[in-house]
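Peer 1: Below are the chains, spelled out letter by letter.
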Amino acid sequence: MEPAISVKNLTKKFQTTTKEPGFLGGLKSIFSPKYKHVTAVDRVSFDIAEGELVGFIGPNGAGKSTTLKMLTGILFPTSGAINVLGHNPQEERVKLAFKIGTIFGQRQQLWLHLPPIDSFNLFAKIYELKDSDYQQRLKELVDIFELEPFLQTPVRKLSLGERMRCEFVASLLHRPQVLFLDEPTIGMDIIAKKKLREFVKKLNEQEKTTVILTSHDLDDIEELCERVIVINHGKILYDGPMESLRKRLKHKIVEFYFHEPVKEPPAVAHTKVLKHEPYMLRLQLDCTKVTVREVLDRIMKACKVDDIAIEDPPIEEVIERLYRQ
Amino acid sequence: MTITKYYSIAKTDILEKVTAVWSTALWGVFIGIAMFIFMNLWTAIYSGKVTLEGFTIAQMVWYTAFAEVIVFSTGIDWINDIGDHVRTGIIANTLLKPVNYIGWQFSVVFGNFFYRWIILGIISFVIAYVLVGSIPFSFATLPFVVIAVLGALILNFCISASLGLLAFWFEDVRAFYWVYQKFIFVLGGMLVPIDVYPVWAQGVFKFLPFSFAMYHPAKLFVHFDTRAFITTMIGQLAWIILFVAVLALIYRAGIRKVNIHGG
Chain Y
66 MEPAISVKNL
76 TKKFQTTTKE
86 PGFLGGLKSI
96 FSPKYKHVTA
106 VDRVSFDIAE
116 GELVGFIGPN
126 GAGKSTTLKM
136 LTGILFPTSG
146 AINVLGHNPQ
156 EERVKLAFKI
166 GTIFGQRQQL
176 WLHLPPIDSF
186 NLFAKIYELK
196 DSDYQQRLKE
206 LVDIFELEPF
216 LQTPVRKLSL
226 GERMRCEFVA
236 SLLHRPQVLF
246 LDEPTIGMDI
256 IAKKKLREFV
266 KKLNEQEKTT
276 VILTSHDLDD
286 IEELCERVIV
296 INHGKILYDG
306 PMESLRKRLK
316 HKIVEFYFHE
326 PVKEPPAVAH
336 TKVLKHEPYM
346 LRLQLDCTKV
356 TVREVLDRIM
366 KACKVDDIAI
376 EDPPIEEVIE
386 RLYRQ
Chain R
153 MTITKYYSIA
163 KTDILEKVTA
173 VWSTALWGVF
183 IGIAMFIFMN
193 LWTAIYSGKV
203 TLEGFTIAQM
213 VWYTAFAEVI
223 VFSTGIDWIN
233 DIGDHVRTGI
243 IANTLLKPVN
253 YIGWQFSVVF
263 GNFFYRWIIL
273 GIISFVIAYV
283 LVGSIPFSFA
293 TLPFVVIAVL
303 GALILNFCIS
313 ASLGLLAFWF
323 EDVRAFYWVY
333 QKFIFVLGGM
343 LVPIDVYPVW
353 AQGVFKFLPF
363 SFAMYHPAKL
373 FVHFDTRAFI
383 TTMIGQLAWI
393 ILFVAVLALI
403 YRAGIRKVNI
413 HGG
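Just so you know, the protein sequences line up as chains Y and R, in that order.
Per the numbering used here, the first sequence starts with residue 66, numbered consecutively.
Per the numbering used here, the second sequence starts with residue 153, numbered consecutively.
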């Protein structure tokens, strides 16, 4: 089956002017401007199959949003080829726009002084939806995203979470086959984030929508994506299952809760004490040299243990390691 | 389907503007003050004369009222709005939808034109009537005046949008706005009808695009003449064709330079 998105050697270079500080620097830049060339995306290639939910992660300025913007057709690549749902996004932007949905967490498409329903009605016309289809879809989405209570409230008076839910509805009215989500949870509280993740998951499962998600919040990616693409300095550092990325971790964290106070816990080779309190011990173990079982055996033989917790270290650590490489 | 789409854009924009109707009405207050000042100036300039270059003082005040409404309703401020869309990357919101950006902007301008005419037209014409009473006007000529005003709207939009889109290269287009505004005021005949300028200047100014976006339709309102109407139509059409081509060129070249900051 042809992939929903296919990218080959995609490159985007920007030219920016540089200016020396101060008044003289400003004058100089008028008469002899100096330019700096930045390669935001550097020969990036990947395919995304229909119905996949892919996480795109990287630090600020890594090139993830630039890639997304090229996939939607609003930025023109310097070189390389893009195919989204059989279209070249730059040459067939309008045709493609009927098939994709976009949410940019830092931009909004809703009309600020109007209630969301007015924007939805407009988008129904823009996407040329039949009135009966639109009404049915709107009802469906209003139920899923629980918008009923504020459908008539001006957008400017909504909370960020409510606003983002409205943005989702606006982007989903036309049943897009591919959804581009660029930092959709930025600035949201934990509850709102959790809800949005549930919505995205449901959408991907029920409607088989292909989703590409960029986020600084790795919890978003961990909870939603089976596949992840890590990008930095415009280059792909990793493209594969989230699980394999996790397996690159060389250590685990084990936490013991004691029945009675332990003054000096027994030393265990190839482990590091992260925290020790009379009733608690937190150890980091090097999985290449010692197994979790060995550590458990050693501690449980020496102390009376009430409870144990085993954790993988945060995914940030893996990413950090990849970035450093 | 396409027309419905653009009609809906215009309607939604008006809905949003109505939420701040007082700010448009405030322009009406400004027009009122400007007309009061002009009225006093013209009274001093006329100093007992019945006509000046074919205009009675009442016609002059009505010309000013009409010209003010044209300038506010066709809106040269779109230069800054479009420039901001480009500079801040808001243009991307439109480009991500199955619409034409220029078409979207024109729908907004067109919708605002009617909305502003209703509010500012009423305010200005009431003020003009209070200041100098009515002038002879045949309602049979009204459709022709409306056509000329719509021509001014389209011409002004093509020029404003072209200047606004220069933000792809210059980032800040406020200088272009400032210059264009002054051209409309002086060369376009907003401050005074072009007829009061020296003959050589009239010969030049009457053929520039600025006068077809302002002077010609305003003069048709106070002094309708079939020949003048035909001249206005030909002039507007010629300038519109030229500026549509310029706008298309700038848009095609500029859209490749879209640069959305962040991310």
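Calculated from the structure, these hints are not laboratory results.
Take the hints with a grain of salt, since some may be wrong.
No more than 30 Å apart at the CA atoms, straight line, and that leaves these computed lysine-lysine pairs for DSS-like [unchecked claim]:
no., chain 1, residue 1, chain 2, residue 2
1, Y, K101, R, K169
2, Y, K73, Y, K190
3, R, K409, Y, K195
4, Y, K204, R, K169
5, Y, K84, R, K409
6, R, K169, Y, K190
With beta-carbon atoms standing in for the labels, derived distance ranges [to be verified]:
no., chain 1, residue 1, chain 2, residue 2, range
7, R, I382, Y, H102, 53 to 61 Å
8, Y, E211, R, G255, 32 to 40 Å
9, R, L302, Y, S144, 19 to 27 Å
10, Y, G87, R, L401, 32 to 40 Å
Here a beta-carbon is modelled for each residue, glycine too, at the ideal position from N, C-alpha and C.
Peer 1: Next step is simple, just say for each hint if it's right about the structure.
Peer 2: Results for each hint:
1. Proposed proximity of Y:K101 and R:K169 is contradicted: the alpha carbons are some 42 Å apart, above 30 Å.
2. Taking the CA atoms of Y:K73 and Y:K190, the gap is about 35 Å. The hint is violated against a cut of 30 Å.
3. Restraint check: the Cα-Cα separation between R:K409 and Y:K195 comes to about 35 Å, which exceeds 30 Å; the hinted pair is violated.
4. For the given pair, Y:K204 sits about 28 Å from R:K169 by alpha-carbon distance, which is consistent with the 30 Å threshold.
5. In summary, the hint linking Y:K84 to R:K409 is supported, as the alpha carbons are separated by about 21 Å, within the 30 Å threshold.
6. The suggested pairing of R:K169 with Y:K190 holds, with an alpha-carbon distance near 20 Å, which does not exceed 30 Å.
7. Distance hint for R:I382 and Y:H102: a CB-CB separation of about 55 Å, consistent with the stated range 53 to 61 Å.
8. At roughly 35 Å, the beta-carbon separation of Y:E211 and R:G255 lies within the given 32 to 40 Å, and the hint holds.
9. In this structure, R:L302 and Y:S144 break the distance hint of 19 to 27 Å, their C-beta atoms being roughly 45 Å apart.
10. Hint check: Y:G87 to R:L401, Cβ distance near 38 Å, so the stated range 32 to 40 Å holds.
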